[in-house]
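Novice: Residue numbers (our numbering), protein chains in the order written: chain A, 1 to 497; chain B, 1 to 167.
Simulated from the structure, these hints should not be mistaken for lab results. This structure is a prediction, so every number in the text was calculated from the model and none was measured. Treat each hint with caution, since some may be false.
Here are the computed distance ranges between Cβ atoms for each label pair [to be verified]: (1) Leu60/B <-> Phe374/A: 37 to 43 Å; (2) Trp385/A <-> Pro45/B: 25 to 31 Å; (3) Pro45/B <-> Gly390/A: 30 to 36 Å; (4) Pro336/A <-> Phe33/B: 55 to 61 Å; (5) Val148/B <-> Asp287/A: 35 to 41 Å; (6) Ala347/A <-> Asp124/B: 51 to 57 Å; (7) Val44/B <-> Phe449/A: 31 to 37 Å; (8) Leu81/A <-> Phe33/B: 47 to 53 Å; (9) Arg451/A <-> Leu158/B: 33 to 39 Å; (10) Leu119/B <-> Leu104/A: 55 to 61 Å; (11) Leu252/A <-> Pro45/B: 50 to 56 Å.
Each residue gets a CB set at the ideal place from its N, CA and C atoms; glycine is no exception.
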Amino acid sequence: MAPDPRGDERRLHPFSWLFVLITQLRDVALPLIVLLLFGRGEWWEFMALVGAVLLAAYSLVYSFGFRYRIGDGELTVREGLFDRTERHIPFARIQNIARRSNLLHRVFGVTELRLESGGGLKPEAVMKVLRVADADALVALLRARQAASVPMEGSGADARTSGEVLLRLPLVELVRFGLISNRGMVVVAGAFAAFWQFNPTQPRSMMRVPTHWIEQLFGEVAAHHYSLTTMLTGGAFVLLLLFAALRLLSVLLALFVHHDFTLERDGDRLGAGGGLLTHAHGSARIDRLQMLHVDESLLHRLFTRMSLKTEVAGGVRAVNDQSGKLHWLAPIASPPQVDDLLARILAAPSLAALPWRPLHPRAWRRRARWPSVFWLVAAAVTTFWVGAPGLLLLLGLPWSVVSARGWVGFTRYAMDARFLAYREGWLSRRYALIELDKLQAVTLKQSPFDRRSGMASVQIDSMAADPLRGGIDIPYLPVAEARALFAVLARRCARPG
Amino acid sequence: MSEPEAVRDVRSDHGLLPLQPHMRLIWTLSHGFAWMLPLLAVLVPLAVKFDALPVPVALLLAIVLGLLFGRHYAQRYAALYAAMHLADGVLIRRGVWWRAEIFVPRARIQHTEVNQGPLDRRWDMASLSLHTAGTRLEHIVLPGLPRVIAEQLRDTLLDRRPHVDGA
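All chains should be built: construct the whole structure from the sequences, respecting the hints.
Specialist: Written as structure tokens, this is what we have:
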């Protein structure tokens, strides 16, 4: 074990200033670059230089001034340049510990440690950066002290059995994850957008190169007078090639982000992380987990895989999973593995074993109505403009019905003594699961359409919910059932857990 | 039939919180303005294009119609609005077309706050903000309460001593 840091004050790694500087520079890098590139006259350049030097000096003094001490029951952190602050963080308050190390960290053999409490957007302490051994020792010490100062329900003995591995992703699974996730598309779209935005003086000059290629290609094609089938096959081939390239990129990204992904349980804590160059590791107490999300897209189902994510209370929206927030529990796992994880983490029943209840029997009509109206209007307008071929759009009508029936066939909600669960989808599906003790508020909603067809929806609110993800919003329930569910949930969440 | 069994179940003897009558005026004005803008956007260009009526008349028409619609909507809104202080939380029923009943458990209220605008002060009323640790419903406002009741509620909702709880 590394030297016990107990009692005496400790400093950060001697090269910490470099990492502080890099973070500072990242925040001001863009304006600085813009100033240097487009600033007219030396004055701006001089100012930028002065700014950079000041930042460097600040980083140096800041990181040399940073001290921490492990006392009885609390961690004391002293930091600050002009206004020195001394913060006392009781061990019990540290809910989440996040670690992050990128390539540079690894070169110096250091890591960044972030200690978060339950509330607030800012972490309680950011230790930028510690020697890996010191970080390990500190984390071990924090855990041990935490276990000692907070008697956990039945986990006191567990707390020492370090690292029960719940899931480790082998390379094959990561390749599958890459194939399914299609992050490459996002990257390409982002790169395209950046490409377009670049060079403010000549907005489209960058685009001339690819445009030129395309023109050349089409010129060739036009000059040769290929037959329609040749052109179609060629086009399809090019598309296939692009598709394959995107998937390959996605696989590479998956390898970079989740290489050696491991999910571990250490007593009452859960830790997960991985990464090839930047290694991000997040951890949280299991009772801080909020809603769990299981995704099962069409591609997931093709590979009989699912993905499992969680939302963790505290320090929510300011950070994403790359900074070491516990977010992924399993980027990819087989359905039995997901059930196993749910059982081992939350002692939850398997997804199939939950008492699923269907929606209103006529829900599919409501679900199919607006798409049908859309296809009818689209068919009418197109037929008006181009004639009979426009009627082909009427094929959208049976499609709407089929997809609506499929959607209603799968969409269900379930509630047992401890959990509320919701699943929805047709070809692509998702599940959401939350412990009843974690509900913050309950809403019963009725739109004019709901009232006409005797339906209502029930929605719940939880901590740290991602606004971009659907939570639990159960639509198209028979009014009486919705009211009963609302009443039960209201009573359940009024009782603190 | 409109009174739901389930909600009556949740509710206890605490009952309905009063709504100051002046709140209707505030809702009339706010909804009136909301209606006025689209009416102005439609009526004024029509008046200019077709010369059917002079522009000032179109303006006046938009304002009057907007206020009329706003008044009608505000009356409906006030008739359907209800806020109840229950033994274990607060139940708010609101909305005209899209209706919602929101239950905020008392155990989940993180902090409360009484707000008074200039008009509120004039009419001795206040709105009470409830903050939870949730995401979408992190901030819920009970408008148009008599100031004294708002202040009482602010304190009682946070007081978790057993005797107040009834637990």
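Novice: Does each hint fit the structure? Answer for all of them.
Specialist: Structure-based check of each hint:
1. Leu60/B <-> Phe374/A: 37 to 43 Å: With Cβ atoms ~39 Å apart, the hint holds.
2. Trp385/A <-> Pro45/B: 25 to 31 Å: holds, 27 Å
3. Pro45/B <-> Gly390/A: 30 to 36 Å: Distance hint for Pro45/B, Gly390/A holds at roughly 32 Å.
4. Pro336/A <-> Phe33/B: 55 to 61 Å: holds, 58 Å
5. Val148/B <-> Asp287/A: 35 to 41 Å: Distance hint for Val148/B, Asp287/A holds at roughly 40 Å.
6. Ala347/A <-> Asp124/B: 51 to 57 Å: holds, 53 Å
7. Val44/B <-> Phe449/A: 31 to 37 Å: Hint holds: Cβ distance 33 Å, inside 31 to 37 Å.
8. Leu81/A <-> Phe33/B: 47 to 53 Å: Since Leu81/A and Phe33/B have Cβ atoms about 50 Å apart, the given range 47 to 53 Å holds.
9. Arg451/A <-> Leu158/B: 33 to 39 Å: Because 36 Å falls inside the window, the suggested range holds.
10. Leu119/B <-> Leu104/A: 55 to 61 Å: Holds, at about 58 Å.
11. Leu252/A <-> Pro45/B: 50 to 56 Å: holds, 55 Å
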